[in-house]
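Trainee: So the chains spell out like this:
There are 2 protein chains.
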Amino acid sequence: MKKHNFSAGPSILPQEVFKKASQAVLDFNNSGLSILEISHRSKDFVAVMDEARALALELLGLEGKGYQALFLQGGASLEFLRVPYNLMKEGGKAAYLETGTWATGAIKQAKQFGETIVVATSKEENFSYVPKKYEIPSDVSYFHCTSNNTIFGTQMKEFPKTDIPLVCDMSSDIFSRKIDYSQFSLIYAGAQKNMGPAGTTLVIIKDGILNKTGRSIPSILDYSQHISKESMLNTPPVFAVYTSLLTMQWLKNLGGVDAIEKINETKANLLYKEIDRNPLFKGVAKTEDRSLMNVTFTLNNPEYQEIFDKMWKEANISGINGHRSVGGYRASIYNAMPIESVEVLINVMKDLENKI
Amino acid sequence: MKKHNFSAGPSILPQEVFKKASQAVLDFNNSGLSILEISHRSKDFVAVMDEARALALELLGLEGKGYQALFLQGGASLEFLRVPYNLMKEGGKAAYLETGTWATGAIKQAKQFGETIVVATSKEENFSYVPKKYEIPSDVSYFHCTSNNTIFGTQMKEFPKTDIPLVCDMSSDIFSRKIDYSQFSLIYAGAQKNMGPAGTTLVIIKDGILNKTGRSIPSILDYSQHISKESMLNTPPVFAVYTSLLTMQWLKNLGGVDAIEKINETKANLLYKEIDRNPLFKGVAKTEDRSLMNVTFTLNNPEYQEIFDKMWKEANISGINGHRSVGGYRASIYNAMPIESVEVLINVMKDLENKI
Numbered sequence: 001m002k003k004h005n006f007s008a009g010p011s012i013l014p015q016e017v018f019k020k021a022s023q024a025v026l027d028f029n030n031s032g033l034s035i036l037e038i039s040h041r042s043k044d045f046v047a048v049m050d051e052a053r054a055l056a057l058e059l060l061g062l063e064g065k066g067y068q069a070l071f072l073q074g075g076a077s078l079e080f081l082r083v084p085y086n087l088m089k090e091g092g093k094a095a096y097l098e099t100g101t102w103a104t105g106a107i108k109q110a111k112q113f114g115e116t117i118v119v120a121t122s123k124e125e126n127f128s129y130v131p132k133k134y135e136i137p138s139d140v141s142y143f144h145c146t147s148n149n150t151i152f153g154t155q156m157k158e159f160p161k162t163d164i165p166l167v168c169d170m171s172s173d174i175f176s177r178k179i180d181y182s183q184f185s186l187i188y189a190g191a192q193k194n195m196g197p198a199g200t201t202l203v204i205i206k207d208g209i210l211n212k213t214g215r216s217i218p219s220i221l222d223y224s225q226h227i228s229k230e231s232m233l234n235t236p237p238v239f240a241v242y243t244s245l246l247t248m249q250w251l252k253n254l255g256g257v258d259a260i261e262k263i264n265e266t267k268a269n270l271l272y273k274e275i276d277r278n279p280l281f282k283g284v285a286k287t288e289d290r291s292l293m294n295v296t297f298t299l300n301n302p303e304y305q306e307i308f309d310k311m312w313k314e315a316n317i318s319g320i321n322g323h324r325s326v327g328g329y330r331a332s333i334y335n336a337m338p339i340e341s342v343e344v345l346i347n348v349m350k351d352l353e354n355k356i
Numbered sequence: 001m002k003k004h005n006f007s008a009g010p011s012i013l014p015q016e017v018f019k020k021a022s023q024a025v026l027d028f029n030n031s032g033l034s035i036l037e038i039s040h041r042s043k044d045f046v047a048v049m050d051e052a053r054a055l056a057l058e059l060l061g062l063e064g065k066g067y068q069a070l071f072l073q074g075g076a077s078l079e080f081l082r083v084p085y086n087l088m089k090e091g092g093k094a095a096y097l098e099t100g101t102w103a104t105g106a107i108k109q110a111k112q113f114g115e116t117i118v119v120a121t122s123k124e125e126n127f128s129y130v131p132k133k134y135e136i137p138s139d140v141s142y143f144h145c146t147s148n149n150t151i152f153g154t155q156m157k158e159f160p161k162t163d164i165p166l167v168c169d170m171s172s173d174i175f176s177r178k179i180d181y182s183q184f185s186l187i188y189a190g191a192q193k194n195m196g197p198a199g200t201t202l203v204i205i206k207d208g209i210l211n212k213t214g215r216s217i218p219s220i221l222d223y224s225q226h227i228s229k230e231s232m233l234n235t236p237p238v239f240a241v242y243t244s245l246l247t248m249q250w251l252k253n254l255g256g257v258d259a260i261e262k263i264n265e266t267k268a269n270l271l272y273k274e275i276d277r278n279p280l281f282k283g284v285a286k287t288e289d290r291s292l293m294n295v296t297f298t299l300n301n302p303e304y305q306e307i308f309d310k311m312w313k314e315a316n317i318s319g320i321n322g323h324r325s326v327g328g329y330r331a332s333i334y335n336a337m338p339i340e341s342v343e344v345l346i347n348v349m350k351d352l353e354n355k356i
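Protein chains in written order, with UniProt numbering: chain E, 1 to 356; chain D, 1 to 356.
Quick caveat, the hints were computed from the structure, so don't treat them as lab data. Keep in mind that the hints are not guaranteed to be accurate.
[As the list claims (entries may be wrong)] If the Cβ cut is set under 8 Å, some of the chain E residues that face chain D in the computed set are:
| id | residue |
| --- | --- |
| 1 | L55 |
| 2 | L62 |
| 3 | Q112 |
| 4 | E115 |
| 5 | G190 |
| 6 | S216 |
[Unchecked claim] One side of the interface only, derived from the structure: several residues of chain D facing chain E at Cβ under 8 Å:
| id | residue |
| --- | --- |
| 7 | K3 |
| 8 | P237 |
| 9 | T243 |
| 10 | Q249 |
Backbone N, C-alpha and C define an ideal beta-carbon position, used for all residues, glycine too.
Hey, can you work out the whole structure from these sequences and the hints?
Mentor: In structure tokens, the structure reads:
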């Protein structure tokens with residue numbers, strides 16, 4: 001029996017993606033070869049990489065708008081480093097919004113390159129909300145934010161209107177909602193939430209923003225070099241890119257970001273409604289900043305934890321324990337999460353209420 | 001019908017590894033979850049990472065000898081950068097042996113950190129041999145070499161006896177032969193030849209060599225931080241690590257490096273014997289430096305290329321075109337390559353001789 005997987009990441013992908021990826025490990029494209037043993041320079045894999053890069057832009061509405069897509073390695077954590085290396089002017093400054101653990105990590109890396117201004121933080125309230133009133137200095141090289149905070153269950157609903165180049169870590173909500181992606185100069189996202197397995201990072205870069213820092217950049221960290229080699233500066237993570245392509249194809253067939261946004265809203269609304277209705281539970285994140293991807297909540301009375309944990313495990317639910325820095329529960333309901341699984345969780349919450 | 005895959009990398013892995021990896025994409029360890037959707041913090045995956053790290057050391061005879069194994073991302077190309085960052089003293093020097101394209105790449109990165117002395121190079125003869133007479137200066141932080149040169153088909157048979165810490169890129173021959181691995185202070189290897197799919201890099205680090213440079217290192221590039229987090233500083237490439245573990249388990253069951261070395265020698269000797277015997281062919285690499293992993297050869301008469309290419313394709317052989325910088329042919333016969341496939345290639349070479 002299949003589990004209801006609410007893991008925060010690596011996390012659920014569509015069942016048809018698992019089936020196709022599994023088959024490709026045995027035989028890719030009827031080539032007689034596994035996807036794991038083909039050359040990344042083979043015609044078939046170059047086609048995979050080209051389609052993946054193009055489809056990422058298409059799904060975000062950035063096709064033909066002067067953007068490049070790359071599939072790199074190292075996780076969002078390596079982009080924390082690549083971003084200031086490539087964008088912060090020598091002797092310059094950058095501005096960051098601190099909305100959670102990963103934003104803090106990005107800030108730490110930027111500080112090695114120059115003055116890093118934290119324009120606002122919600123750290124003093126354990127990142128339970130997204131700061132909204134802040135000024136972005138006019139002399140910074142870029143402004144960096146995190147669109148969705150996986151650990152705390154908050155999400156930015158709006159982004160600042162500014163002439164400063166916007167950089168956004170969208171690791172946990174890319175491809176999940178309709179926004180104007182062309183407001184960003186650079187977007188990056190670790191694959192392992194809405195896009196694919198752990199092992200690749202999508203980076204979207206607006207033309208014309210690179211090579212302005214006066215800084216010497218090691219080639220493997222230089223976005224320009226990756227772009228000039230069409231995301232094959234060195235051997236790419238073939239399987240992770242292929243599986244990401246399968247997931248993007250699934251999303252396109254479903255109707256793209258417009259269609260999935262409606263489904264994501266339905267799932268999140270159902271779950272938040274139950275959290276607000278059920279007297280045993282309360283939400284963690286400030287209501288207006290609630291994430292559509294990661295739903296954080298706690299029991300009002302910790303005494304019920306043991307019985308609740310037993311009940312959801314019996315219902316074949318996995319991965320809803322909260323992050324250690326927040327506690328309680330976190331239900332991650334990414335694109336591939338079926339509404340039926342969300343309903344199973346809601347029914348367990350109702351059953352708990354009826355039981356006690 | 002299965003192909004005979006002589007690809008230089010990503011390259012052939014054992015058939016049983018493909019089967020087990022394919023099954024794990026559908027259901028990992030009877031968990032009801034795909035290996036692609038489980039948390040890297042789950043008990044089952046932590047066990048995979050721990051076993052992979054321990055087994056890598058065991059297979060190299062380094063168990064209990066004061067070494068740490070890491071499975072990182074970014075390919076050997078990122079290690080070209082991490083090595084000088086972590087080992088070259090601030091204001092110090094490093095020595096490199098230039099035996100091929102990848103060595104040149106490593107040298108280029110090191111130059112960004114300090115004086116990089118190329119102790120010898122075979123560039124002037126298109127890297128067809130491994131330089132042997134050179135001096136390693138006594139004041140360098142480390143000596144870097146490439147044990148096997150995938151593109152040119154040469155391999156180091158001996159390593160310098162020196163008190164200087166030895167660093168070796170073993171991407172294309174790790175786990176393939178018996179050598180005293182404890183002579184090295186640091187070994188790294190991209191997985192995609194003898195270990196697993198593209199997407200992870202094994203790094204082996206001797207205790208006590210880190211934190212001596214006086215240099216500030218960004219955390220994602222700092223080996224110490226990866227060691228302290230047991231190779232989970234950020235989300236690891238779960239599937240690539242798991243598949244690498246499966247390949248290492250296969251090797252252990254076969255009898256380890258001792259056993260595979262004999263098989264590798266048999267395969268290479270058969271093929272080199274035919275190259276030397278068959279009047280239509282000649283080897284590219286200097287005889288004493290011939291690689292047991294990548295066998296480079298050319299037709300004496302290029303007029304036969306068309307018919308030879310047709311013949312090996314009909315025999316279901318793939319991936320033996322030489323690298324563009326060498327031309328001719330390259331048969332990569334890594335650990336997982338069955339002797340039967342080598343025999344098929346030899347038979348095609350003999351058939352060509354009989355035909356013309």
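Trainee: Give a verdict on every hint.
Mentor: Checked hints:
{"no.": "1", "hint": "L55", "verdict": "violated, 19 Å"}
{"no.": "2", "hint": "L62", "verdict": "violated, 26 Å"}
{"no.": "3", "hint": "Q112", "verdict": "holds, 6 Å"}
{"no.": "4", "hint": "E115", "verdict": "violated, 16 Å"}
{"no.": "5", "hint": "G190", "verdict": "holds, 7 Å"}
{"no.": "6", "hint": "S216", "verdict": "holds, 7 Å"}
{"no.": "7", "hint": "K3", "verdict": "holds, 4 Å"}
{"no.": "8", "hint": "P237", "verdict": "holds, 3 Å"}
{"no.": "9", "hint": "T243", "verdict": "holds, 7 Å"}
{"no.": "10", "hint": "Q249", "verdict": "violated, 16 Å"}
Violation of the numbered hints given earlier is confined to hints 1, 2, 4 and 10; the remaining hints are satisfied by the structure.
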